[in-house]
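**Student:** Keeping the supplied structure of chain A fixed, place chains B, C and D upon it in accordance with the hints.
Sequence order for the protein chains is A, B, C and D.
Count along the first sequence from 1, then add 52; that gives the number in this note's numbering.
Count along the second sequence from 1, then add 52; that gives the number in this note's numbering.
Count along the third sequence from 1, then add 52; that gives the number in this note's numbering.
Count along the fourth sequence from 1, then add 52; that gives the number in this note's numbering.
Worth double-checking, as some hints may not be accurate.
Interface residues of chain B toward chain C, partial, derived using beta-carbon atoms under 8 Å [claimed, not checked]:
1. 79
2. 88
3. 96
4. 100
5. 104
6. 121
7. 122
8. 239
By construction, these hints were calculated from the structure, which means they are not laboratory data.
Every residue gets a Cβ at the ideal spot worked out from N, C-alpha and C, and that includes glycine.
There are 4 protein chains.
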Amino acid sequence: MASRTAQAEVALERHRDVGRVEAFSDGVFAFAATLLALGIRIPRPDDPDASSGLRDLVIAQWPSYFAFALSFVTVGIVWANDHVMFSHFVRTDRGIVLLKVLTLMFVAFLPVPTGVLGSWLANDRDRAVAVVFYAGTLMAFGIAHNLLWWYGAYRVRATSPRLSARERRALTITWLVGPFLYALTIALAAIDARLSIAGFVLIHLLYLLPTARLVVAAQRVRSR
Amino acid sequence: MASRTAQAEVALERHRDVGRVEAFSDGVFAFAATLLALGIRIPRPDDPDASSGLRDLVIAQWPSYFAFALSFVTVGIVWANDHVMFSHFVRTDRGIVLLKVLTLMFVAFLPVPTGVLGSWLANDRDRAVAVVFYAGTLMAFGIAHNLLWWYGAYRVRATSPRLSARERRALTITWLVGPFLYALTIALAAIDARLSIAGFVLIHLLYLLPTARLVVAAQRVRSR
Amino acid sequence: MASRTAQAEVALERHRDVGRVEAFSDGVFAFAATLLALGIRIPRPDDPDASSGLRDLVIAQWPSYFAFALSFVTVGIVWANDHVMFSHFVRTDRGIVLLKVLTLMFVAFLPVPTGVLGSWLANDRDRAVAVVFYAGTLMAFGIAHNLLWWYGAYRVRATSPRLSARERRALTITWLVGPFLYALTIALAAIDARLSIAGFVLIHLLYLLPTARLVVAAQRVRSR
Amino acid sequence: MASRTAQAEVALERHRDVGRVEAFSDGVFAFAATLLALGIRIPRPDDPDASSGLRDLVIAQWPSYFAFALSFVTVGIVWANDHVMFSHFVRTDRGIVLLKVLTLMFVAFLPVPTGVLGSWLANDRDRAVAVVFYAGTLMAFGIAHNLLWWYGAYRVRATSPRLSARERRALTITWLVGPFLYALTIALAAIDARLSIAGFVLIHLLYLLPTARLVVAAQRVRSR
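Next up, chain A with everything else stripped away, as it sits in the complex:
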């Protein structure tokens, strides 16, 4: 009986270990998502442009609301995909930890390009710069995310044996597409930055359903 309790202890301990890495990671995701709202300026009655009335001020900020919503959904999708990836890893090593910190760094940085996008989206001259800065951050995240998957799944083979080679390849392809799509939105900014923004929305619609499907599939793999 003592040994059974010991086993339970070990299970809890292991649970706690993984739990702490995930707690740190989830914390960064949740905070980054909530910090996005800080990029939205709160108009005050003593602002120089306040004479036009609060209604105009609130409406004039629509690009900031749009950028907030865009990035909030991005963080949600990214968090879910990160969740799926780690649910397939059965062990962790130095390289995984280091690459994980790298991906989290880009997530924590996201409030900056989001604030820039919200502030310059209505600016005809510099909209393209804001779009490239935004898409560049997400592309950098995507590259780090793919490096993490390549290292964990192919280099050190840390994925669960319950994940078949076919399923693993499907995940590789799904995640590889991301950075290329963001590179495409950067290219589109050379024509018209509004096309890039339409691209961001399309990428979301494209990723939302597969991501939700991946979450469900990951649960199925684990319960085999």
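**Tutor:** Below, chains B, C and D alone, put in the same frame as chain A:
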């Protein structure tokens, strides 16, 4: 014995899965609640209006303290109701995850209308705009929350069999009332925005006790 | 065997319930503690007073560092005492939840008086106002904290039977002292606000060791 | 069977206790890491220097991006080392709790010197001051971290018996090096602050791999 440990592992794994979604969700709630304080300006000795003395500056900010307290209690109520809803779901699917992200987005956005309400509450000309912006955000949250419940409880029937049809209907009605009450405060703003603010306080008093009762009831349902 | 797994499930479920309330609460404490740093102005090279050089700017902000450290330790002490109180509760009810939200509200508000204290501590004219605002917030927290204990421990008797009446009384007295000490620092501000600040530091030294002892004692009570 | 459930309860309770301290700690780490992005100014179209165009504004902020990345990796390393230290403690006492709060205080303070470093890195006159402020904060953290280890591992001997004396000594040396390295970067600032910055990067490269190795080793020690 191995199989018993395996079962414990599965229980922990499942616990961890639900735990991660909740950790992300709780993080957003707790963080949004704490960020509300950032909407309150900290007066500094070198501010243009500092000559009147700190006492006047601190007192002049009463609308910001009021808006902070109002939104803090709102987040608390909303968090408790979200907790109750998810305690009745026995499984999750893509639609639930997507609608959940939508509700969290409005929670994360709340510091913005709270800051606006605090800054413009004492402004006779634009108080109504601030009130409509605030009530509109909460109404949008309420609609998303009701969509989530309708989808989870009626469309994909993800609620626990331990929850009776009668209890489910009671929850549906309780949550359906919310957006209508906020629509009413928007209508009241056309007469006098101060009536809307009285309305916000009344909605709180109206929801505080039932919410606390729901939390206790949800625990009873689960322990059946 | 199925029933054993079921029992484990119930234990996990209960664990998860308490866990969510604590996750929300711990989140608010941890965020409030970290947000305190945002009250410290970051000097920039294009600030009007930057000509004096960064060294003078950094040194001139010592009151902000002091207020940050004072509040950080306060949040730590308050968090530990909250932890001790809840470790003695074996069940929760509506009143406990509502009063808990009230105490968390004052914790989340703390960055505001901390920023005010840091900005006005070196201001001879208005130092007393900043001190009263700061001490008032902590006194309000203390009153809410005592109400929560009185309600939970005496009104609805939610404390563990393993906590003896003598131990319960000792806790009541320990916590009752807090608001009176802060009231005293408010009174001292009428003489000289620097006495109040010395009082804040003394209260810390007074609470640090008993709090640490309470944490250890609470663990002993639970393991009986 | 009842007793077995009771044991499971105790295990969960103990798990929960440690969990709460870690939740608070992880919250502060994750939050401090994410707050680092707030030190980066978001350029707006109505800024006085906006006429030069967004591209120049975004590029001109490279020192802020560098300081952000430097501190983000620092928080990651520090968090992993803190994790390793606490995984070797099998019990906690007052002194450990108090010293833990002290280390967390420096972590929570880090966004301030990071913001200062990012704002003044390109300033030839005051770069050294920013570097000393930054290195000083990390040195202070390092001293508190070493005090915590010395107190826990040698004074009250709270480390696991599974950790050999040789392993304990190796950890002591690894952690003792940190503050001396930061003292060295402060000395280098007297010659040229750019040398100190190269030093920060070198310290990272020096600590990254051993830290990742420590994390893996700590897991091995625990599973003995």
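**Student:** Determine for every hint whether it applies to the structure shown.
**Tutor:** Okay, the hints, checked on the actual structure:
no.: 1; hint: 79; in the structure: 6 Å, holds
no.: 2; hint: 88; in the structure: 7 Å, holds
no.: 3; hint: 96; in the structure: 5 Å, holds
no.: 4; hint: 100; in the structure: 12 Å, violated
no.: 5; hint: 104; in the structure: 10 Å, violated
no.: 6; hint: 121; in the structure: 6 Å, holds
no.: 7; hint: 122; in the structure: 11 Å, violated
no.: 8; hint: 239; in the structure: 29 Å, violated
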